[in-house]
Amino acid sequence: MSFRKLGLGFAAATLLAGTALPALAQDSVYVPLFTYRTGPFAGSGTHIADGMHDYLRMLNERDGGIGGVKLVLEECETGYDTKKGVECYESVKGKNPVVVNPWSTGITLPLIPRASVDKIPILSMAYGLSASARGDIFPWVFNPPATYWDGMSMIVKYIGEKEGGLDKLKGKKIGFIHLDAAFGKEPIPLLQEMAKDIGFEVALYPVAAQDMQNQSSQWLSVRRDRPDYMIMWGWGSMNGAAVKEAVRSGYPMDKFYSIWWPGEDDARAGGAGAKGFKMLNWHAVGTNFPAIQDIQKHVVDKGLSKAPKDKVGELLYNRGIYNSLLIAEGIAQAQKITGKKVVTGEDVRRGLENIKLDPARLKELGLEGFTDQLALSCNDHNGHRAAFMQEWDGTKWVKISAPIEPMTDRVKAQLDAAAKDYAEKNAGWPKRTEACDKAS
Amino acid sequence: MFYREAGQFKTNYVADSAIFPLREDRIGIGLIVLAAYALAFIGNSFLLQAVMIPFLVFSLASIGLNILTGYTGLLSLGTGAFMGVGAYACYKLMTAFPEVNVIVWIFVSGFFSAAIGALFGLPSLRIKGFYLAVATLAAQFFLQWCFIRIPWLVNYNVSGALDAPLRTLFGIPIVGATATPQTRYLVVLTIVIVLTLIASNLVHGRIGRMWIAIRDMDLAAELMGIRPLQTKLLAFAVSSYYCGVAGALLVFLWYGGAEYDVFNINQSFFILFMVIIGGLGSLIGSFFGAALIFILPIVLGIVLPALFEPFGISVGADVIEHLRFMIVGALIIFFLIVEPHGLARLWQIGKQKLLVWPFPY
Chain Y
1 MSFRKLGLGF
11 AAATLLAGTA
21 LPALAQDSVY
31 VPLFTYRTGP
41 FAGSGTHIAD
51 GMHDYLRMLN
61 ERDGGIGGVK
71 LVLEECETGY
81 DTKKGVECYE
91 SVKGKNPVVV
101 NPWSTGITLP
111 LIPRASVDKI
121 PILSMAYGLS
131 ASARGDIFPW
141 VFNPPATYWD
151 GMSMIVKYIG
161 EKEGGLDKLK
171 GKKIGFIHLD
181 AAFGKEPIPL
191 LQEMAKDIGF
201 EVALYPVAAQ
211 DMQNQSSQWL
221 SVRRDRPDYM
231 IMWGWGSMNG
241 AAVKEAVRSG
251 YPMDKFYSIW
261 WPGEDDARAG
271 GAGAKGFKML
281 NWHAVGTNFP
291 AIQDIQKHVV
301 DKGLSKAPKD
311 KVGELLYNRG
321 IYNSLLIAEG
331 IAQAQKITGK
341 KVVTGEDVRR
351 GLENIKLDPA
361 RLKELGLEGF
371 TDQLALSCND
381 HNGHRAAFMQ
391 EWDGTKWVKI
401 SAPIEPMTDR
411 VKAQLDAAAK
421 DYAEKNAGWP
431 KRTEACDKAS
Chain B
1 MFYREAGQFK
11 TNYVADSAIF
21 PLREDRIGIG
31 LIVLAAYALA
41 FIGNSFLLQA
51 VMIPFLVFSL
61 ASIGLNILTG
71 YTGLLSLGTG
81 AFMGVGAYAC
91 YKLMTAFPEV
101 NVIVWIFVSG
111 FFSAAIGALF
121 GLPSLRIKGF
131 YLAVATLAAQ
141 FFLQWCFIRI
151 PWLVNYNVSG
161 ALDAPLRTLF
171 GIPIVGATAT
181 PQTRYLVVLT
191 IVIVLTLIAS
201 NLVHGRIGRM
211 WIAIRDMDLA
221 AELMGIRPLQ
231 TKLLAFAVSS
241 YYCGVAGALL
251 VFLWYGGAEY
261 DVFNINQSFF
271 ILFMVIIGGL
281 GSLIGSFFGA
291 ALIFILPIVL
301 GIVLPALFEP
311 FGISVGADVI
321 EHLRFMIVGA
331 LIIFFLIVEP
341 HGLARLWQIG
351 KQKLLVWPFP
361 Y
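Going down the list, the sequences are from chains Y and B.
Residue numbers for the first sequence follow this note's numbering, beginning at 1 and rising by one.
Residue numbers for the second sequence follow this note's numbering, beginning at 1 and rising by one.
Read the hints as simulated data drawn from the structure, not as lab findings.
Treat the hints with care, as some may be off.
Stated by the list, open to error - Within a straight-line C-alpha distance of at most 27 Å, the following computed DSSO-like cross-link-like pairs (lysine-lysine) qualify:
1. Y/LYS340 with Y/LYS119
2. B/LYS92 with Y/LYS425
3. B/LYS92 with Y/LYS431
4. Y/LYS420 with B/LYS92
Since we're looking at a predicted model, the values are computed, not measured.
Go ahead and model the full structure; you've got the sequences and the hints to work with.
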């Protein structure tokens, strides 16, 4: 008897939910945010989710949306799990999303071929498939402002400069500790190629996703091999654990470099010993920008944000803001090009291709000096922008270098080969039919 | 009343060992299959792509594990890896021989999985129960290591991921991005129905009875003339075959591209839970289990916000996620306490009730 009631209850609830799905207003733009506040990567994902949400929410609160059109924001929890990410994609697809941010390389990969079919642009900001920087082959995928290959070349270049020239790296040993997944493995071919050309040695220390928090064996090997430099490609709890282990095993922290994903919490995990840890970055930290102060005023202080007040302006929070800045610019540009107020995914794809964030525009947005300029085009969906090196001084990140340009000559060859390879392997990969807009 | 066996006489052995000896069952199954096909034309793309296709894929994998764990009594934690073998084999085959239809390769890839499964099933002759589970755990970790470490398996793809190139059937794309959810669903549904029929025949026939004999008491079975090694290895092979096909379907007809991490230990547990909740030693239980473990969280994800909304409470996606975990976990415990034999047993009780209705007994 009780089972029957239970069953009836569920059936009724399901029906109710089917009819109660929020009907979207006509004069709004739907922006789904794929986030993860749960799971092993929540430590990084939560701050990014807050930053993304708060910036767009601020535009809604302060300006009433973009170009007078409200943004309908909806978070979908992926847990950094491909299965749930694909489910999220399917659930938002029918609501005419203008752009999708998967926030996981694993989720990005299955979505890439679907983007052109469903006419939904994918914005995988500095992650995902490096080769998707080629707009002529991947018209629907955007990964600004730099690829992982760019990042790797910047780190090696920086290390080379510190040694007094790239050729001085000859005979040195560089350790590469990375998450053992598509994301962490991507820069390996480039690193190995550079090792061959320049003459340094590479030692790989893969960390499987399930052992992220226990890296003692990897760092034991590091201690044995004594690499001259360590480069890290990590995400989630892997970063904090690596910093902690590096400090514990006495690895000189000023020789420890990372790609752009560790946050303050990760560096703090190493305690005082983490001082000197370096990472690449391409945008500012802190709240000293009018737009971010507006977020505090219109969103955080009003209790509309999930972010604790002291986390606003931290590295990963601002990374989320940068992501939303690109979304907002894509929408704004799309409105400008088409003259429509309510834009679609197809319009935003054109908008993203015409993104031009120069200092003047950044100032207009209240983010002067927040980041380097960025301009995308029909063929270049990445920008390959320079990033700078920053160092952990024990309490905060300090910028320690001028922008480092990627080694374009090396990266470009790899990129073109990979893009061609992808299109060839996926027989029947559609040729680009989307027309290019004239540079405005 | 509804399930009257009276008057349905079986006059020969063939009729007695039929899969569906009852007329009511035949009608019911026919209606379900008809409804499943009709769904392809009335369901929207979310229902087909995000609910039904994965449900069928997981049902197939559960059937595979059920053959091993439910029918033969061998506990395995390598399901995820065996699914992976199927997926990687299918990828290698379909890229090496693109002229052969992909459906053929989906079926063939199961044989690679079966071979690997039989190999890792060898210890089952000597070790039993939890110890065997640990041995299959070795398969899980070793195979997963292979997926990461052998770039040949992904055709030296830089990202180390599987992708789904365009493949067609009768000129209609079924694999690749341009394949519509409708065609994918029809293909998956047909494959699952065919394989379920075969499984049903297997478990109801001589082979299935051998498996059940081994499960219930392997010593007695041996004395009766059943060879334990062959029978157990056959169970491993058939089970892995089903898992392998399910893995290939998962990557090429559901995700359309995947990383090695899809086939991790969690996937193995996921399938094992489906089998336990659905009912050990029951094919229909595999479907029930997959529905409860996979579809229920999705339904909750839609229902919960709708339930909170009238009260003006807006809950975040993360809270919903936590609630999903808690509710599904609680339900699993609830079902295990109320009906340790799984949902399949509930179904059986329901059938019994239908038989005597409207009388209490």
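A quick look at each hint next to the structure:
| no. | hint | verdict |
| --- | --- | --- |
| 1 | Y/LYS340 with Y/LYS119 | holds, 18 Å |
| 2 | B/LYS92 with Y/LYS425 | holds, 12 Å |
| 3 | B/LYS92 with Y/LYS431 | holds, 25 Å |
| 4 | Y/LYS420 with B/LYS92 | holds, 19 Å |
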